[in-house]
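Asker: Chains as they are written, first to last, in our numbering: chain A, 1 to 143; chain B, 1 to 143.
Rather than coming from a laboratory, the hints here were simulated on the basis of the structure. Honestly, I wouldn't trust all of these hints.
Claimed, not checked - Selected chain B positions facing chain A (in silico; Cβ < 10 Å):
#	residue
1	Y20
2	P102
3	F113
Source: prediction; values computed, not measured. Each residue gets a CB set at the ideal place from its N, CA and C atoms; glycine is no exception.
The primary structure of each chain is shown beneath.
There are 2 protein chains.
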Amino acid sequence: MAPINTRFSVGLHVVAALGYHYAGGGMTSDQIAQSVNADPSSVRRVLSGLAKAGIVTSRRGHRGACRLSRDPVHISLLEVYRACEPPAAVAVHDYPAVADCPVSSNIKGSLAFVLGRAQASFDDSLARTSVAHLVDDIRDRGA
Amino acid sequence: MAPINTRFSVGLHVVAALGYHYAGGGMTSDQIAQSVNADPSSVRRVLSGLAKAGIVTSRRGHRGACRLSRDPVHISLLEVYRACEPPAAVAVHDYPAVADCPVSSNIKGSLAFVLGRAQASFDDSLARTSVAHLVDDIRDRGA
């Protein structure tokens with residue numbers, strides 16, 4: 001299985017490959033796994049999350065192919081991020097509060113606020129980038 | 001040991017406790033561990049990272065106390081984040097590129113760019129918040 005914080009980059013690889021071939025007839029999960037060069041079970045796990053989130057559709061059967069469910073211009077990287085069910089970038093610790101310590105009693109709300117704001121900045125950056133942007137960048141690098 | 005993505009929130013708890021008591025005589029690492037309510041070895045590990053980064057100073061010996069090395073107004077949460085040596089929020093996968101696949105051959109540069117930008121937004125949010133802000137927020141919640 002892909003390490004937990006690289007699962008998103010596998011997800012991005014999958015949608016980039018499907019976005020690159022969007023005008024074609026779709027790709028099988030084996031073809032996608034070949035592009036990622038990862039074991040097919042890792043890729044299937046990510047594909048299943050993308051399908052559940054409505055980003056990818058797949059036709060069952062021998063010639064079953066996966067496709068993006070809509071134009072890559074209309075899929076943000078934040079949607080892909082959430083579909084990959086990543087852990088929060090940082091999390092509030094869960095040690096119990098000490099009642100007579102003013103810092104311990106009040107810090108969790110403060111931490112949730114500060115860390116939530118940082119996570120929101122991270123999410124906003126992904127929301128502003130589409131799968132089409134990613135595919136264009138890949139084409140530019142290959143040119 | 002604290003789970004890897006909560007180590008930063010333990011670090012924030014430590015600097016918040018030291019910031020709260022900044023005008024006093026400092027705190028021993030046992031007093032800090034009591035506030036976090038975590039095992040002292042986790043807290044010492046975080047304290048050691050904060051000391052190495054020049055955020056905390058400690059005096060050795062029986063009455064040795066830890067203090068912030070400067071006014072909490074001048075310590076950003078980004079400094080604390082880096083001192084806690086967190087893993088990147090997301091990382092580029094390291095599956096080898098497939099030479100004849102244009103996506104596989106070019107995606108790592110694109111991923112590093114996109115993920116680096118998201119991480120930078122996360123970092124910027126932390127850079128704009130100081131330990132003093134955190135302490136003020138804790139005081140407000142306790143009021």
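Asker: May I ask which of the numbered hints given earlier this structure violates, with the numbers listed in increasing order?
Answerer: none
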